[in-house]
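> Chains as they are written, first to last, in this note's numbering: chain W, 164 to 350; chain H, 164 to 350.
Fair warning: there could be bad hints in the mix.
Since the list gives no way to pick one copy over another, a pair counts as held whenever it fits inside one copy or between any two copies.
For lysine-lysine, the following DSSO-like pairs were computed, each having C-alpha atoms within a straight-line distance of at most 30 Å [said to hold, decoys possible]: (1) K257 x K182; (2) K257 x K232; (3) K182 x K208; (4) K260 x K182.
The set of hints was computed from the structure by calculation and includes no laboratory data. Predicted, not measured: the structure shown is a model, and the values here were computed from it.
There are 2 protein chains.
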Amino acid sequence: MNSRDDHLHWREIVSQLVKRCGIFDLYESRRRAPNGTEGIFHLLKAPDWVNVVSVLKDDAGRTCFLMVKQYRQGIAGITVEFPAGLIETGYRAKTLKPIGTIAPNPAFMTNRCYTFVAGDLHLDSSREPKDRLDEQELLDVLLVPVEDLVDGIGRDPYTNSMTALALYWYQRMEGGEKGADRIRTGA
Amino acid sequence: MNSRDDHLHWREIVSQLVKRCGIFDLYESRRRAPNGTEGIFHLLKAPDWVNVVSVLKDDAGRTCFLMVKQYRQGIAGITVEFPAGLIETGYRAKTLKPIGTIAPNPAFMTNRCYTFVAGDLHLDSSREPKDRLDEQELLDVLLVPVEDLVDGIGRDPYTNSMTALALYWYQRMEGGEKGADRIRTGA
């Protein structure tokens, strides 16, 4: 904590669990600001999230991302996303390199999302791809050409913010300093 | 809806409000999958979000983003973010151009986040910058050099996912097709 920011820091007075909701727990926290203002804040405590960018060639030789298509309950619609959490794609990676971290929602979520890029991917021949899926996660595993995702990000079905950020981290890694220089001079 | 995706679509049986939490309402929704599986899902209904990228020169002539520093209750820490929602920075824009849209969390949030870039910015001399702040939003308005944000995104205090995405949309707009070509050939 930076002492110059003291005037911004709220302090917790009391916190209580309101409801366990499976993928997060809802808490109410009473907090006080340096100026004496008090407020009650609703917070979601959730485990950290992980998503993985995997690059593969498809049968036509195109460079593709390994992605999953599924129904998302929040938006009540289909998304195509990078695999996250415990999703089972049927592939195994020998290496996982961290390429970016973010707070999905610092205003009311406590967690972080870590993105990795997979290296040395191979099909796991020891079992069927969907053997270990959570029973509520009906999904399709897809290979999406890199340019399709780059062109389509932000439009259906590529609307998941964590997938967009994973693509951003991946492009940053691939572009390296050239990318940073480009934006600096373009700005 | 694409008929090829019929096997993925869940249908709502019943939905009920669990708790109003100010910036979102918590609902429980019972839904059924095409294969007959039923589940109860906890969903946050929230209004759509907006954030705004504004570019200004600082006193030293550096190209900067107009940003806000504040305490974020979810991560219990300080972030520096693009202005969002009803935050009052003291500046007025003559134009707002949409540069990107995303679903912050399609798994359990219903809303979208729209990012705009501001054009023809000027200080609103008719009142003090913080006249209309929500009383719980103690914050500082800052000018952050573009290269500081590009270099620092994903590390404290630049950890808000919606800010990272707004930067991505901005870089995409600035880079245009060159950026897309770079990632395609790099991949």
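> Give a verdict on every hint.
For each hint, the structure was consulted:
no.	hint	in the structure
1	K257 x K182	neither (39 Å within a copy, 45 Å between copies)
2	K257 x K232	within (24 Å within a copy, 40 Å between copies)
3	K182 x K208	both (11 Å within a copy, 16 Å between copies)
4	K260 x K182	neither (35 Å within a copy, 40 Å between copies)
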